[in-house]
Amino acid sequence: DGGITQSPKYLFRKEGQNVTLSCEQNLNHDAMYWYRQDPGQGLRLIYYSQIVNDFQKGDIAEGYSVSREKKESFPLTVTSAQKNPTAFYLCASSHVGGQGKHFGPGTRLTVT
Amino acid sequence: AQTVTQSQPEMSVQEAETVTLSCTYDTSESDYYLFWYKQPPSRQMILVIRQEAYKQQNATENRFSVNFQKAAKSFSLKISDSQLGDAAMYFCAYRSAVGGAQKLVFGQGTRLTINP
Numbered sequence: 119d120g121g122i123t124q125s126p127k128y129l130f131r132k133e134g135q136n137v138t139l140s141c142e143q144n145l146n147h148d149a150m151y152w153y154r155q156d157p158g159q160g161l162r163l164i165y166y167s168q169i170v171n172d173f174q175k176g177d178i179a180e181g182y183s184v185s186r187e188k189k190e191s192f193p194l195t196v197t198s199a200q201k202n203p204t205a206f207y208l209c210a211s212s213h214v215g216g217q218g219k220h221f222g223p224g225t226r227l228t229v230t
Numbered sequence: 002a003q004t005v006t007q008s009q010p011e012m013s014v015q016e017a018e019t020v021t022l023s024c025t026y027d028t029s030e031s032d033y034y035l036f037w038y039k040q041p042p043s044r045q046m047i048l049v050i051r052q053e054a055y056k057q058q059n060a061t062e063n064r065f066s067v068n069f070q071k072a073a074k075s076f077s078l079k080i081s082d083s084q085l086g087d088a089a090m091y092f093c094a095y096r097s098a099v100g101g102a103q104k105l106v107f108g109q110g111t112r113l114t115i116n117p
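In the order they appear, the protein sequences are chains D and V. Heads up: the first sequence begins at 119 in this note's numbering, then just goes up one per residue. Heads up: the second sequence begins at 2 in this note's numbering, then just goes up one per residue.
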């Protein structure tokens with residue numbers, strides 16, 4: 119079955135540490151995205167990539183970094199510069215110009 | 002920049018009844034797409050229905066239908082014959098038709114409760 123895998127489901131880190139969230143897809147999609155979800159708010163776009171070795175900032179990129187070395191993978195690093203990193207993070211993928219977007223199951227990050 | 006507003010933080014409906022969730026959006030573009038996503042307690046985002054702005058006909062998917070009013074910039078979701086499995090957060094989302102990247106702008110969400 120094709121789909122998107124995000125691991126781990128729950129992640130705990132101490133303040134001041136960088137942490138990397140994994141996102142892998144086997145849908146052969148060119149485009150991948152990272153969204154952040156906070157309580158009472160909708161999803162907000164962090165970064166997106168339409169092709170390998172290229173990515174663009176979304177609406178809330180500060181304190182985050184990404185890489186796209188392989189078509190299937192789009193890891194997100196939450197750096198110590200992110201002031202409020204505790205949130206639910208969703209990865210998604212789609213064909214460029216396509217009509218539908220597939221979402222992964224998400225990672226809940228808690229930083230204390 | 003485009004914005005999406007869902008003015009109903011919470012809604013509830015009796016099982017088997019019909020409920021309508023509201024969504025308004027702001028854009029200066031004429032060509033775009035609108036979506037309703039469902040997020041059940043598992044937190045997996047599931048596409049419920051999609052509407053192309055250039056189509057006048059309202060989209061329908063089984064028990065789910067939309068009322069798309071382009072001039073009013075309104076995009077409501079009607080759920081008929083509500084079922085317990087429909088309980089979830091529902092998000093309205095906008096996507097520009099310009100550019101290949103599917104950058105979605107989401108509303109704040111409406112939590113739907115189904116009463117048995």
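There's no promise every hint is true.
Over 12 Å on every C-beta distance to chain D, these chain V residues come out as not near it, computed from the model [as the list claims (entries may be wrong)]:
hint, residue
1, Gln-7
2, Asp-27
3, Gln-40
4, Ser-43
5, Gln-58
6, Ala-73
7, Gln-84
8, Gln-103
9, Gln-109
Now the stretches of chain D that chain V is said to cover, found in silico as 3 or more residues with beta-carbon under 8 Å [unchecked claim]:
hint, segment
10, 160-172
11, 202-214
Hints in this document: simulated from the structure, not taken from any laboratory. Built from N, CA and C at the ideal position, the CB exists for glycine as well.
Tested hints:
| no. | hint | verdict |
| --- | --- | --- |
| 1 | Gln-7 | violated, 8 Å |
| 2 | Asp-27 | holds, 15 Å |
| 3 | Gln-40 | violated, 9 Å |
| 4 | Ser-43 | violated, 7 Å |
| 5 | Gln-58 | holds, 16 Å |
| 6 | Ala-73 | holds, 21 Å |
| 7 | Gln-84 | holds, 22 Å |
| 8 | Gln-103 | violated, 5 Å |
| 9 | Gln-109 | violated, 5 Å |
| 10 | 160-172 | holds (count 6) |
| 11 | 202-214 | holds (count 5) |
Checked against the numbered hints given earlier, the structure breaks hints 1, 3, 4, 8, 9 and satisfies all the rest.
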